[in-house]
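Number of protein chains: 2
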Amino acid sequence: MKIGVIGGGQLARMMVPAAVKLGLEIEVLAETADASASIAPHRVGDTRDLDTVLAFARGVDVVTFDHEHVPQPVLQALVEAGTAVRPGPEALLAAQDKLEMRRRLDALGLPVPDWTHIGSVADLQRFLDAHGGIAVVKTARGGYDGKGVRVVRAAAEAEDWLAGDIPLLAEEAVRFTRELAQQVARRPSGELVVYPLVESVQRDGVCAEVIAPAPRGGRVAQEAARIAATIATELGVVGMLAVELFETEDGQVLVNELAMRPHNSGHWSIEGATTSQFEQHLRAVADLPLGSTELRDPWTVMVNLLGGPADGRLDRAREIALATQPGVAVHLYGKAPRPGRKIGHVTAGGADLDDVAYRARSAAAAFD
Amino acid sequence: MKIGVIGGGQLARMMVPAAVKLGLEIEVLAETADASASIAPHRVGDTRDLDTVLAFARGVDVVTFDHEHVPQPVLQALVEAGTAVRPGPEALLAAQDKLEMRRRLDALGLPVPDWTHIGSVADLQRFLDAHGGIAVVKTARGGYDGKGVRVVRAAAEAEDWLAGDIPLLAEEAVRFTRELAQQVARRPSGELVVYPLVESVQRDGVCAEVIAPAPRGGRVAQEAARIAATIATELGVVGMLAVELFETEDGQVLVNELAMRPHNSGHWSIEGATTSQFEQHLRAVADLPLGSTELRDPWTVMVNLLGGPADGRLDRAREIALATQPGVAVHLYGKAPRPGRKIGHVTAGGADLDDVAYRARSAAAAFD
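Line order of the protein sequences matches chains A and B. Residue numbers 1 to 368, in this note's numbering, belong to the letters of the first sequence in order. Residue numbers 1001 to 1368, in this note's numbering, belong to the letters of the second sequence in order.
Extracted from the complex, chain A is given alone in its bound form:
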């Protein structure tokens, strides 16, 4: 069984150890020769180009993804050519297009922030007027890590986007107390496993830290699991699904974003869960029985490495991190330091949350 992964980022890279373990073959279609996942067997090509993707797919048994950027016509053509595409185009559309996502979640009766499609300055002004003069404007497509998202207090602040021909939506600026993420995995047969709910700490729209399990989960964890399982089942997701959630002051959860692939909020699972999200994703897309999602430690904390050391000396930073925290897992993605870039992450686990967080942050600090 050979898995083809479209996209050569760190998510594809971290699928490699899972393929090694399970005895699955893996091949990556990477955008560049020096892509993070180029440690695996790979081809280099444009992941949006029909012929490139079709040719790649002919050499593998199932196609899955490192990212959501493969256009729908390409996905459709893959299906028509008889390729097993997991997740499939229809499910993926809800992760590619925020308008589509909001419509489907509404149809499922799941809790989401107030939202509307906006096609004009007048549309946005109406939404602002109805929501206390503040809104989050999002491009329906192409956004990630805070890109394609803008908090506005006047319609003019989105005028440039509105002048273009890009589908936009406005959402209420949710007054949340924290952000959570719920992951599930689903097989083609419908078999589904649920990971523990986690808390994610965002900085500047980018995930900075994840705590697993989310402290004070309780009833919220049950609700998050129900939401994610419903989405995976009703949308027919195959593979990992991450549901990013807001927890509000009154203890409700609202769905923020979806991702149908391994997700930054699940990197903790490499060390912290019996089955990592990367292995689980491969099991699901290869239609193999899913693995246990049990916690391996009472607490696991993952800290992203963003940007890398100011002096650019990544080797030196790694050495310091390993030397100061011999029990912390240091993951580097084979990427050169650059401001804001996710170049790796570190994970610590143990029985005392304060100690675990301290150790993870201490290792991460070596990369500042």
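There may be inaccurate statements among the hints.
[As the list claims (entries may be wrong)] Pair ranges (Cβ atoms, derived):
{"no.": "1", "chain 1": "B", "residue 1": "Glu1319", "chain 2": "A", "residue 2": "Thr233", "range": "41 to 49 Å"}
{"no.": "2", "chain 1": "B", "residue 1": "Glu1090", "chain 2": "A", "residue 2": "Arg316", "range": "25 to 33 Å"}
{"no.": "3", "chain 1": "B", "residue 1": "Asp1354", "chain 2": "A", "residue 2": "Gly340", "range": "50 to 58 Å"}
{"no.": "4", "chain 1": "B", "residue 1": "Pro1111", "chain 2": "A", "residue 2": "Ala208", "range": "33 to 41 Å"}
It is worth saying that the hints were derived from the structure and are not from the lab. What you are looking at is a predicted structure, and each value in this text was computed from that prediction instead of being measured. For each residue, glycine too, the CB sits at the ideal point set by N, CA and C.
Once you have looked at the hints, place chain B on chain A.
What follows is chain B alone, placed relative to chain A:
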């Protein structure tokens, strides 16, 4: 930093996830194009051929090994060419040549079975007479997994070997109560870490199961750690060192074999220790700070998959193993089933040894 691994077996294969994690580049010199480690960037060539190995080494920063079969003249030439060879030729000689190993351990005053070099039938007969009419005859070089080892009760039983021009030794047939294995890792600087002592269960001269930590370790564990640390330090080993030991009826330990690389007795550490033996080996040979060797579970049991399913349907066996034991780690090496061949292993962990062993054996049984 690019690690070159000579030999394309499952040990090289299992170094790949560690390289992915640490952000190290890796390249393998594999004996065949379909080698177990061919999932990594690799070249195919004869690992005993001087020019092949020299050319391979020019493209990497440090050379290490999947096996002990690179001839000493090739190792020496690598060193002369300025290659960082870890472990170095002098240390490796003690893992390549059992006569050399016995001599060095004697010189260090470490406990070993009675042994002697034998060059003739008369030599062997004298040894048999002095040891109750039973001895273990071993070829000094090239043996592994029970090959090159013969239990004899008459000198005639080794006549074919003695007629050849191969160096042989005779050892007392130790009446041991169990076999143990002690792993340590050592950096070029001398920094050394010690893994928990494990018990290994052998069948037909091949490792069948490993229990970590060894039950009833106690004083024996201290002695095993002292022996392995002494060998690593005094022989100047860089990387992982495995010391296979006999525990005798009177509670002594005797050194049986050495391996200077990741070893079957350490596969449990992928899930069962904070730092796996494969990551530890890469850290050591890349001269990076060593990682914690702490246990992640009270008990970890590893069971080897030998031969594979009788019907040859490896995919089906994997499916059954994953379905029946969702919490057991299943590792497959990308090798076709063949009688006696190590095609993978499974690992279970938890608080109750009986339950852990049951789960590991249950998953392994799917491959019978």
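Results of checking the hints against the structure:
| no. | hint | result |
| --- | --- | --- |
| 1 | B:Glu1319 / A:Thr233: 41 to 49 Å | violated (22 Å) |
| 2 | B:Glu1090 / A:Arg316: 25 to 33 Å | holds (31 Å) |
| 3 | B:Asp1354 / A:Gly340: 50 to 58 Å | holds (51 Å) |
| 4 | B:Pro1111 / A:Ala208: 33 to 41 Å | violated (53 Å) |
In the structure shown, a violation is registered for the earlier hints numbered 1, 4, in ascending order.
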